[in-house]
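Spelled out from the first residue to the last, the chains are:
There are 6 protein chains.
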Amino acid sequence: MTSPTLRTYAFIDRMQPQCAAHIAATSPGDVPLAGMAELYIEMAPGNEVFRAADIALKAAGVRPALQIIEREFGLLEIHSEQQAEVLASGQAVLDELGMSETDRIKPVIASTQFITNVHPYQAQLLNKWRKGSMMMPGQSLFVMEVAPAAYIAVAANEAEKAANITVIELRAVGRFGRMFLSGTESEVQSARDAAVAALEAMPGQEMKR
Amino acid sequence: MTSPTLRTYAFIDRMQPQCAAHIAATSPGDVPLAGMAELYIEMAPGNEVFRAADIALKAAGVRPALQIIEREFGLLEIHSEQQAEVLASGQAVLDELGMSETDRIKPVIASTQFITNVHPYQAQLLNKWRKGSMMMPGQSLFVMEVAPAAYIAVAANEAEKAANITVIELRAVGRFGRMFLSGTESEVQSARDAAVAALEAMPGQEMKR
Amino acid sequence: MTSPTLRTYAFIDRMQPQCAAHIAATSPGDVPLAGMAELYIEMAPGNEVFRAADIALKAAGVRPALQIIEREFGLLEIHSEQQAEVLASGQAVLDELGMSETDRIKPVIASTQFITNVHPYQAQLLNKWRKGSMMMPGQSLFVMEVAPAAYIAVAANEAEKAANITVIELRAVGRFGRMFLSGTESEVQSARDAAVAALEAMPGQEMKR
Amino acid sequence: MTSPTLRTYAFIDRMQPQCAAHIAATSPGDVPLAGMAELYIEMAPGNEVFRAADIALKAAGVRPALQIIEREFGLLEIHSEQQAEVLASGQAVLDELGMSETDRIKPVIASTQFITNVHPYQAQLLNKWRKGSMMMPGQSLFVMEVAPAAYIAVAANEAEKAANITVIELRAVGRFGRMFLSGTESEVQSARDAAVAALEAMPGQEMKR
Amino acid sequence: MTSPTLRTYAFIDRMQPQCAAHIAATSPGDVPLAGMAELYIEMAPGNEVFRAADIALKAAGVRPALQIIEREFGLLEIHSEQQAEVLASGQAVLDELGMSETDRIKPVIASTQFITNVHPYQAQLLNKWRKGSMMMPGQSLFVMEVAPAAYIAVAANEAEKAANITVIELRAVGRFGRMFLSGTESEVQSARDAAVAALEAMPGQEMKR
Amino acid sequence: MTSPTLRTYAFIDRMQPQCAAHIAATSPGDVPLAGMAELYIEMAPGNEVFRAADIALKAAGVRPALQIIEREFGLLEIHSEQQAEVLASGQAVLDELGMSETDRIKPVIASTQFITNVHPYQAQLLNKWRKGSMMMPGQSLFVMEVAPAAYIAVAANEAEKAANITVIELRAVGRFGRMFLSGTESEVQSARDAAVAALEAMPGQEMKR
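Residue numbers (full-length UniProt numbering), protein chains in the order written: chain H, 1 to 209; chain G, 1 to 209; chain D, 1 to 209; chain R, 1 to 209; chain Y, 1 to 209; chain F, 1 to 209.
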């Protein structure tokens, strides 16, 4: 058995309304609300997430929105109205792993796209697939791909704090996390800048391919 | 074999952006775009919709977004950038049936709900279920139920024309059509008034239970 | 508690290849194969189908492809390589109900459509929805709606025996059963005639609305 | 607009573990847990459930597991660790409607089936369809169909209180509610008796067809 | 074209009731029953499974429950009431490949988790996702991840033979196979020991990463 | 950020009827029809497909059937009745990337299977999974696996041009593209030869593992 890797450890102090609504709309567990604190923990091998969830839920007053396994990785989300509860739960998981927060992998932005005046047919294809709000043709679109995947939640939350954008889609599971934000060109630029800055500011270990 | 009933015959002269995006996001056929004209035809028994689609598509330059059968009824949507094409297609279907537009059933509003300051947990339940944009807690919500179902498309389109609202959900198939619109209290009131007025202004035959 | 109604009792002596493949492709239970005999039993209230399945499976050497409940009705399919086994199972169910085969409801054809030279967009909409083979534009299409729903299996099987057609879709559950067959105009006409004749030849009780 | 009908008003004082797990596993909203109190409210026209949810959530400290609309009816479930909160929420809905608890429709048992020594193929078909625990061949099965649908939750909860059974499936939406319980013959008999007795003891108005 | 790899070759002499029910509930093909013998064959590239299925089905009296392709690998399950038939089918596949049973890859346990007194929110998340029986809060949970994936079927079957546990979930496709078993702490420990022992006893080739 | 890779660049001059119908039946965007020209562009990282779609749709008169992201790769399909429009759109994407058509990865056939007289149970498993036409037992089956995935569209289109086969399934997304064709032994052999020849004739860069 290989020792577990802490792929993502991403604390969000205050969930923004659209990000919270998107997670609440797409998660199978307890409903997170705007204003709550939350923590994403992504691990490999994927099954390690079950032990982490057990520790986190018993350590403090948090509730989980999701606990999932995909091909290789496992992802846990916990949240609470009290930041301290979320932090205590996260610390309990780190303690069990014998790790600290910066033993996480450092996020790498795999690609970004900035598209102005989105074509109606491109908007339609996005709208069939997204689970957030609808993309209106003619608006600007920002797409970001990050690895490990769950860091995309931090990027989206900071983008929503910084700019008046619409959350089209967030996908935090798999080899890459992806987000799709729309709005006016200038607002989407502000959102992009905030997202990039937030990820670049997160210390961690270099990912090995 | 019983003779077919023309449940809905609803012409929309100019599709509004959100209504168009919602239909485009949820339909299996050709992609309708904002600004196009469209026509909904709902029939019983449901299979009559297949003959109607054949006539409509061959009569003029229209394309279909959907052609569906549910338990009892069939629904066809056709659209074009040219209003005249849509009208000619619709007339061809009416001619085949030996009917005129007012032989349709007159829409009946089965219920309306107006909810201010939507509770976060109610918003979350709507957000898990809707296919339009996300409902933000704290906004107002208007819900309308109409029979026959496909008239809801007219109500939604007029509401979007009249007010600055967000389209949360439209369901135009089944015994009742339903729409869910959100926004500020005053905008949602304007949307409601426009929707109610549009339906009440449509002549047709009384529905038999 | 109301006494159960025997909506459909439809014996098929020899399953045709496409009909068998369609049922096998869309059913959750034992795999029926071309050449087998089969029996459809549809009842109301829907739950009566569970007792019928228990009796049928224990009475003789048959296996079930499906046992389903929808809104109001329940449907059971059983099959075997031996016609006698299927007939014995069916008789056991009839005995338990104190009924004979002709206490079933007589099938009523609710509508038929015959469309020649199917338009490419209509074909596309059918192809997104069907679970049988693909409909090619330009071919003829025959659609039949029958009540009670499960009699459509008899109609389709007789149509496939009688003509060289392609099975696009069969739906045997709900208020109406529906089938969609395609081919050349003359083959589809032969299929239609065989299907109509088979249903009209089945004695039973008049349906009460 | 027709005046709303209170189809189901069903209070459960203490959710049993399997019933709670089944609802938690199949509902989109807040997670109910064993030991909580809950209330089901089913209304027609279906949209009335949105106003009821708004009133209930704002009236007291309850959370909703589901708020759904099907063809004709709407269903709301609310729960809390405090019975008084659930009762206060329910009373607020009744007050708004100008009704009392006994203005609900009285439950009618549409059918019951008791099957001993379930055949392996029947078990397999149930197992493909259920969302509760798996049915083991050879056990006994009890199936109940009740109208209005949401009363099935009361029946299942009382059955689980009274006997050592396995919850295979619960469906509380539509024209009929249905439950499927398995176990030894004697335990399933006890479960059936408790379920029937609970429903027969609930006063209400006779349903009009 | 690369030469095919025999990732899993796993013979089960006698399917246990819950494992059989789980496979029967989640497979698209012929229904396996408790007491039957079965064989899992997993290959890369995935398409090799189609040739293997053809050989296996024609070589002896076996039937397939599944034949699937995922990203990289293909999986076949065959079963019969007669062990000899299953063994003969498997041998025919090995002969075609010019391999013997021990040319399979040796199973590697990627991770195991043992969780006592499962938290209600963790149980709820598992219950939304599993397709086996429901996990009850407070019980113990054992999770195992193995590669290649299909060996998990052997582990689960041996665990069910050895202990009184509940099968919550089995996933035999992908990079890792996973199983989730629940019960009392001591029963789950016995299940774990039996599963680990069974996998460690299977000879084969070392996996290359 | 890594520089994008052009995995597939596959131009089809004239879509054959079954291939067109399959894409139209399984795609979320504009409906492609037989006789149109089309182009598949597959890129890594997957998000690059959004920039490519924006450029392609604005460069010439084409419409997209799909724009998707899977685990690692992104795929775009565009089509038009005018070959020149498709070619101009594709050239615009290449120009933006600073690439020419032969900078694409050269297709590699990962495996082929040729199965005669397909067993009924194998056919049933294929039929449950496919989205094209049904496979009839007793016919021959050809299966091909190619990388990068989207080249399978070229292989299938050439096969349909060359032989009288039935398109059972096409999957153009993921690590491997796969196609399943059925018919008589000689027709399927002709189809296979045409598919292999078409892929081998496409110049490009060697794939790095």
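Treat the hints with care, as some may be off.
It does not matter which identical chain is meant; a pair holds if it fits inside one copy or across any two.
As the list claims (entries may be wrong) - Here are the computed lysine-lysine pairs in the DSSO-like style, where the Cα-Cα straight-line distance is at most 30 Å:
1) K128 with K208
2) K208 with K106
3) K58 with K208
4) K128 with K58
5) K58 with K106
6) K161 with K106
Don't read these hints as lab results, they were simulated from the structure.
Note that the structure is predicted; figures quoted are calculated from it, not measured.
> Hints broken by the structure, by number, lowest first?
Replying inline: 1 and 3
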